[in-house]
Structure formats: structure tokens, C-alpha cells
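Asker: The residues making up each chain are set out below.
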Amino acid sequence: MKGIDYFAPPRLEEAVSLLRRYGKKAALMAGGTDFLLRLERGLVQPGVIVDLKKIRDLRGINSNRAGLKIGAATLMDEIASSHLIQTRYGILAKGAAAVGSIQTRNRATLGGNLCNASPAADTASPLIALGGRARIAGAKRVREVPLEEFFLGPGKSCLQPNEILKEIFIPSPVQRSAGSFQRCTRTAMDIALVNCAVFLSLASKGGVVQDIRIVLGAVAPTPVRVQAAEDVLRGKNPDEKTIEEAADCAAAGVRPIDDVRSSASYRRAMVRVLTKRAIEEALREAGGEA
Amino acid sequence: MKVVGQGLPRVEILEKVTGESVFGADVRLAAPILIGKILGSPHAHARIKSIDARKAERLPGVKAVVTAQDLPPVKYGRFVRDEEYFAHKKVRLVGDKIAAVAAIDEETAEEAIKLIKVEYEVLPHFTDGVEAMREGAALIHEEYDQYQALSMVEGRKGNICYHKQTVQGDTNRGFQEAERIFEHSFYAPMVHQTYIEPHAALARVDASGKATVWVPTQAQFFIRASIAEIFQLPLIKVRVIPTEIGGGFGGKMLPTIEPAAVALARKSGMAVQIVMSRAEDFQVANPRTPCHLRYKTGVKLDGTIVAREVELVFGTGAYCGNGLVICQRAEMLASGPYRIPNVKIDLFCAYTNHANCGPYRAPSGPQISFASESQIDIIARELNLDPVEMRLKNAIEEGDTTPACGGPLKSVHAKETLLKAAEAAGWKERRREKNRGRGIALGYWLVGGMASSAGVKLNEDGTATVMTGVIDLSGTVTSLGQIVAEVLGVELDDVHVRTADSDFAPHSTISAGSQALRSMGSATKWAAEEVKKQIMEVAADKLEAEVSDLVVEGKRVYVKGSPERGLSLGQVGQLSLTHKRGPIVSIQSVSIFPNQPAISAHVTDVEVNPETGAVKVLRYVAAQDVGTAINPLSVMGQVQGAVIQGLGQALTEECIFQNGRMLNPGFLDYKIFSSLDAPRVEVHLVEHAAEDGPFGAKGIGEPSIIPVPAAVANAVYDAVGVRISDLPLTAEKILMAIQEKNKSG
Amino acid sequence: MARRTKRIRVTVNGERYEKEVSPSKSLLDFLRMDLNLTGTKEGCGEGECGACSIIMNGKLVDSCLILTVEADGQKIQTIEGISRHDRLHPLQKAFAEKGAAQCGYCTPGMIMAAKYLLDHNPSPTAEQVLKAIAGNLCRCTGYGSIVDAVLSAAKER
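Residue numbers (my numbering), protein chains in the order written: chain U, 1 to 290; chain F, 1001 to 1745; chain B, 2001 to 2157.
Bound conformation, chain U alone:
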């Protein structure tokens, strides 16, 4: 860790330029809650740290008819306590509120959580369920990637060298839509052993599920949508049996591992339990009958 240089540029272009100049020697940081751990453990040994916190363009929660824009360097706490996000994009607020402690959420950023690319990231599953899109700034232009294509593997996002995640866009929720976010942990303050985000919309009248996304975290190399489970419910007015079928499908569609936190079989069992709970809650919230 000797001889590290540190820059906190006020503009995004400068940050990109620093990345280009220093190449592999540069590391990005925002909140630092993941970054400092990696630095401490020698997992990353940068010559140059580029701190994104001073870049105004990367902060802020802005909403219009099209949807919601959240700057990548927006704090978890801001997202968790935003009245707007709590009421219209509730599962994202829940996900952000689940990230660590108050101390963590006062520093950790949405972008950091996503770019750290842990399969257990609590903002990732809700964002994928909400149809979120990542807007990525590079040397040339800003490109847009659906969140479900953002994650490539544990710790690996689709960011190319010299790219910076700029903001997340979430399309406005349609009528009669609602979501649910569920987690399974060992103690109350814990990384998720499994998390599950469901977002669905019902037809304009009645209980038929028009569209649905079911996303599971910590049970595959990336957060994963289980489309087979979604297909069980799409176009149906689900009863308990259908919901259970969807939950079973979700459990079959994941690839959990054994690790120090949990066995694969327990995780798989929890996928079923959480998916069922999430679907039921989402249906209730959307105005349907479970």
C-alpha cells in the first residue's frame, strides 16, 4: 500500500480520463465500504485511487413520468429513506435498507453495491425485478445495459476498463403493480444467505398476472431471474397451488453452493420459501387475491 495516489475529481469526464491515464494502476472508489476491505486484504493493490464522491452528476434521485434516475454515488441511506422510492419502488428501498448497518448505509453507494457484484447484493435483485437499467459512462458515450445483463460472475460486472457506472434508470411502474423483497439470514444483521425480489403487475381488473419478474440472489454466480418460474404465473390468476409450483420452479432454477454461511440444499429450500412469500406479498400489495 505504499505510494498510493488519490484523486477526487469533481467531474465525470475527469474521472474517466484518470482511468485512461493510469489504466490498471487505477481503482475506483465511492463509499469505500467494500473497497477499503479489499485494499486492507491486499486483494487490490492500486497505485492510484479515483474517488467518485465529489462528482455531482453521480448523485441524486430524480423522478419524471418516464421513471426514476438514481445517480450511482447516491447513498444507500438516501435510497432507503426516500419517500418517493419507498412508495413507488418499495422493493429497492427495502433492499437498500438491508445493506449492512446504519454506519454502512451512510457511506455505501448504489453504484458500489452493484459494481462490487456480489451475487448477494441486496439492491441487485430488486433492481432487476423492477426492470432497472444501468447507464455506463465511458470515453465515448453513455451506454445502457439492463441490470440483468450487468452481472457476469461473482465480483465481476460488465464494466469495461475506463468505464464508470453513472446512474440507474427504473421505468415507472405500471398500474396495479407491486413487489416484495425477502431475505434469509443467520442473525438479524447479516449478508443474505438468499434474497428474493418479485415485481408483478395485474391486469386492469381482476387477479390475472399480466407480467412478473422473479429474481434470486446469492444462489448463483450472479443475481438471477428465473423465467421458468415467472412463466408459471404469467397470464394466470394464481391460487396457492400455482404459487407453490412457481416457487418449486424457482428452487429448481438456481445453482446455490455450499459455503461457510450455508449449505446449498438449505439455500435451495429457502429459495422455495422466500419465493412463495414474495409472490404472495406482491399479489396482496397489487390488489389481487392469493
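No lab work stands behind these hints, which were simulated from the structure alone. Take the hints with a grain of salt, since some may be wrong.
[Stated by the list, open to error] Straight line, CA to CA, 25 Å or less: simulated DMTMM-like cross-link-like pairs of lysine to aspartate or glutamate:
| hint | chain 1 | residue 1 | chain 2 | residue 2 |
| --- | --- | --- | --- | --- |
| 1 | B | 2006 | F | 1110 |
| 2 | B | 2093 | F | 1020 |
| 3 | B | 2155 | F | 1682 |
[As the list claims (entries may be wrong)] Just so you have them, the derived chain F footprint on chain B, three or more residues with Cβ under 8 Å:
| hint | region |
| --- | --- |
| 4 | 2076-2082 |
| 5 | 2105-2114 |
Glycine is no exception: its CB is placed at the ideal position from the N, C-alpha and C atoms.
Add chains F and B to chain U, keeping to what the hints say.
Answerer: This is chains F and B only, laid out in the frame that chain U set:
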């Protein structure tokens, strides 16, 4: 009583809430301090073929590198002399100390550590005691038969560090008399104290070769003796200054980093500070011994226990260290707080390739209670007996003995404590609810006492100073102040009581084993009583009265019935300087105390989620027999803290190893209870002044960690009908057991 | 070996400091080593235990996971800064009275977390207190007396 029995704030509390307290890593000197780091082995068991520290020595900023070469070739150990401070032939645990460096800053020290080259020949390792004891297992201590050991260390052979059978009566006959016999096996894995302050020490060696070590420790005299032995110094050449301690729980009693700091200080000529990282602390500091337990119990159909055989296998770690303390405790506790005519305890303590296990709060207590009390519950259910009734039927009473307890037990209040817990929890009035259950368990602890001496002196203004070497862990120091204040008829604020260091404190017992108050408190009370006598002597002369006519009260000494005929304690203090007696002071000593039972009885209500297996503790009632509560605030705090720590062991805590390396050496994956997990603990004290102990006080720090895992296990069984025999009772284990149960219908 | 340092300006407990620091130095180390404010403790160095909690620009944060250079231009409050002219903060008084500190090691961080709560929510419920200190581990008290102390301090204010 005016001061004893009051829930007064700790004497050092103001420094704690302002952040002024000086803990191990807070010590600062006028002189520059080097940062020390220790090189630990990456292998659990390996021969060392070579050590090359030359590159590290040459790194700019490095002021000293030490290895075994820099220390006298001493093998040390309290029970078995099996440990050399720096390994040079063999390493026996991941983190076994090989070398240490002192440098101008942490980065340089870390870099220097990386530059030390060690060649290893890796050997097979054991993290389980049973595995280590198998015939033909690779020897962890190849020269074990050449080690010196205390004569009480029986059965040393190969990887078995200790083996002893304790027999009472005749269990073969007992089992023949039994109408039912039950056999069960249990396992309690290694768990860690996780005091929030990691180990830290600062050492300097002066021009005369005297080493001074600032260190948070529960056992300053033991640390002093260990350092003196390792460096072959007389005791007066080692000064241990206990700093404020950020939690100990039995884990800050063995030397860990202090000798390395001293070695580096000696070689560099400068002060050296070593602070363990949390990961290091988890890996090498002294956790709770993992334990396999087998219980065979013979009963009559009415629930009377007629015979009990217990087999215990402890995996004590790479070096014996304090390992036999745990064994000695276990022998006394294994059969439970029950009157059983025929008992056989077969106890094995095996070397394993992990950290020396230490006497973590009530060593062997929770493991034994988990097994013993789970089985009692199983038996009660099989015999259709109420779990409380079955325990009442067999619980010890005044004058009873349990194996190895050292004589008829006095101050026994097991039944009362059990009934108090049951009553407070509403044991008889319960509504059955689905997936909710209630469990009860008894905790057996025997409190001894150790050689201690304490001094009290009267200052010239009537205030008093207590000279004690015991450190404050559970509020002991404050309690000592209360005892002195009570005896001298003053307020706590008039008494100065803080921990003195090893150069100046009269020899003190360790702050552990729940006996510091009993031992040090007794010595302190005695010293205060002697001081009181001296006060009256001086006052009697001045007041021209008989000593027997005098009263010491309200910061004065006066003639009974004529309070105006008196002196303030300040006046007495002044007078004593010209009195023939001289300054008023007394140092008194106490020695071994007979074992005294300190029983705890807990009842807990839990809810088990049948889909996830997760356990929620809805209610927790803890009753404890405390003798006399010198400071009820301290006592409550100790009980509550012990329960929450015990709940961690019961539900979420476990040291997980792979190739001898701990996989979860951090709070991310070693899960202790946060505020969101901890239930409120309802505390009920049973107070009957004990036979001995200051004002009849018993030890309070440990009993309430003991029955927690069993209480929870019994409650879980009551809730969902599954019996888990190995800790912790994770959601995963419970769910699997529920699913198994449902399958078999 | 040349070591790059950066000059930072930071206000701690009302005092302004200007120092040269290595970019890789944590704020916790800076407070404890450079400013000798040893009240803030290291319990894990990984942002899990909260013993290093401070208030920076009005936010409760773990100082072990902040680089000192990130604190340039910021206002920091530590345990040493919450009493006023020898008068203890109501939280400090309450912690002392209620036995909410045993070994005292988690106490500075715990008090900062409690202060952060009371600064935003002067009349919390017991449940809100439990949530507010969820990021601060205590191994001694079992948390009950800490909740009592915070509620008591809230009443007093």
C-alpha cells in the same frame, strides 16, 4: 447495610463514557513506539526446515527481528512444559508464532513479515480430539514423554494430554439397579469469546534489563510469571501493568503477544506495541474447547437417577496451556448438580492443531450442561415426568457431594433457584401454541477461591485506598470499594480502588472463575476490618475510651450513645501519624477456598419457524444463586451479558475450520448477537448469604452462561419435537430435523 | 522509498487540523495516532462491530472504512467531543447510571450511535433504539441496559 447491596455505578465508569479509559492499544509513551507484527505459520502442522529473516532485517524502517534464537531455550507451560514461545522445529497450529518484527510503522512491519522465508514440511493435522487420539495418529508432540509435567497430569500418552477417570460408587451395579438406561452423544464445537477489544500489548525494556508490559489482562501475575520464565528473569525484573480491559471472558490470561513485544523491545532498545487483528485473535487466541460428550444414565421409573457415566473428549489445542483447568472443572461438573450414588467420569484431553483453548467463561460448563440437561429432559419425557419435577427429585441439597467437588457442599440452593425460575416463567400456567416451546435447564458451577492478598490504608483526610492487583472485569473492583466503604462506615466515593500493577499490588488471584470477589473480597474485607481496629485503637487513646465502646460510622468514630464524643476519620488519620501505632494500614492474605456451588436455572420460550427452522427467543428468565449481591447493578449486568453470550453459542456461533485455518475469523461470518437478536433477560436473584465470601457473596460472572444452550435445545424440542445434539442449533439443522421427522411421520 | 502524502484539513470536535497524511491511512488510525484521540476504538477493522463509530458531517459512520483523505474538509465528532465544558452529555450520564457500560470498549461507538439517534429522533421507542445500535456489537451487557440508558437520556433532554 449502607453501601454493600447498592447498585452503584462502577468507579471507573466516567472514564469509560468519556473515552478517557486507556485500553491496551491506547497506551502512549513520551518515547517513540515501534509497531510489532508476528509471523504465524500458514500450516496447521508442519516441520520447519529453515527460517531466513535476513531480508526482513535489512528492510529500511525495521528495527528488530526476533526468532527462537533470541530467547533462552525454555519450554514452559502451567501444567505440561510443552510450549516454546517461537516455534523453530515444528509448528502445530495455523498462526503458531515463528518470528516477530518491530518497525517504524505498520506498513513496514507488514512488509517485513512477508520477507521472512520459512520452509515447511507439511504434516497431517487434526482439528478434532477424537481423531487425534486414534491409534497411529501422527504425533503432534513427538517428544511428549520428555516433557516435564505436574504430577496431577495423568494419562499422558501420544496425543492424549490428559486422561483421568473419576469414580464414585459403582456404576455397573448402579445400571443393574436402574429400570431404564439412556445413552446419548453430544457435540459442542469451538466458540470464541469475541471480546470487542483484540489482544494488544506494549513493552519496553529499560537499561537495567527490566521489562515493563502494558497489557489488558485478567491475570497480571500469571503473565508476569510467564514472561519471567520465558526470558529467565527474576520476577522483579518484569513489571506487568494491567490496562483497562475490553472484555476478557477467560481469553486474556495466557501469554500471547506479550513475550514477542518484550523480545522486540529488548533487541531494538525501543518500546514496541503489538495489536492483534481481529482475524489473528480468532485464529490464535484462546477459544472455548470443542467437546464430544457421551452420557449414559440409569434411572428408576420415578425419575431417580441411580447411575451416570460420562465420557468427555476435549480437543485442547496445540499446547496444553490452561487446558487442564478446563478438565479439572469438567470432572467436578460432568454429572450435573444432582445427587447420584454411582458416577464414572472418563475424561480425555487431546492435543489438536488449533489454538490453545482457554478457560472461556465457565470452562466446560455450557458444553456439559448442554449434554447433561438435554438428556435429563429426554429422560423426563420418556418417563412422562415434568422436567422441573425430575430435576427437583435429584437436585443436590446442603451437605451433598458431587464427584471431585472436594467435600460436603455448603450454601446449596439448587432447588430454590430452580423453583424461582420456574415460578417467574409461569412454568405451570402455560398455553400450548403451535411451533412455540418452553425449555428449562440447570447450570452447575462450583466456585473456588485462590490465594489473594489485599491492602487497605487510611489516608490523612479520612479517605481510604485499596491496594489490589485484581482487575475489574465484572465490577469486582467497585464491589471491593463497596466492601471497604461498608466496613469503614464511609461512602464509595471516599474509597479509592483501582488495579495496581505487579510491582506494587499484593499478590492477587486472577479475575476469572467467578472467584475474584470471593477471594480478593475476603482479603479486602479482612484488611478493612483490621484498619477499622487500628482506627478504633488510635481513637480510643485520644477519646480516653475503651475500644469496645466505639462505633465507626458516618465517616467518624465515636463513643456509643455519645456521638459528640468522637473524631472524624480524617482526624484519626492525622493522629495516627504521631500515634505510637503509626500510619493506619493493613495487608491481609487468604488462601484456598472450598468449592461452593453457584447454581443457575433458566427458562426460555422460543418460537421455531417451521419453514426456515429459524429460532426466535421470545422470553428469557434467568435465576441465579448469588449469595449476597454486593452490587445488584453489576450482578444483573453479568447475568444478562452471560445469557446473550450463551445464546450465541446456542444458536449461531461456531469456529469453522478448513486445513486448520479458520474460515470465519471475522464478525461477518462468526455471528454474535446484535441488539436486534438479543431478547430482554429477566433476572431473578436468589440471595442467601453464603458460608464464606465477603458479606456472603458468591461468584456471579459465570453461572448464567452455563444452562443457556440446554435451555434453548429443550425449548426447541418442546416447540417442534426435534432434538439437536450438536451446537449451534442453526436454522438449517432444525429445518433438516423437522423434515426428517415429517418424513418418518 | 518516497511515500506520497496529501495535505488535508479536517475539523474534529471543533478543532481545526491541517496534516499531511498517507492516502492509504484510515480515518480511525488518523484520529488515534495522529491526533491522539484514542477514545474511538478498533474492534475489527472491517466495519462490522461499530467500535470505531464517529459522526462525520452529521452522519454516523465507521471510521475504519474511511480513508483520511476522504475526510478532507469534513467536520468530525468523536466521543471526546460530546461533553461540554466538564458537563457530561445526558447519554454519558445515563450510561454511567444504568450500568450500560461494563468493559467500556464498545461504549464510545455505542454512545455515538445513540447520539445520532437522539439528534434525529429525540423521543425514540425501545425498538427504535435497538435498530439504532444494531451496527454496534457489545459482548458484555446483552444490550438491555444500553436501551434503558438511551431512553433515560432521551427523557432528560
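Asker: Please list, smallest to largest, the hint numbers that this structure does not respect.
Answerer: none
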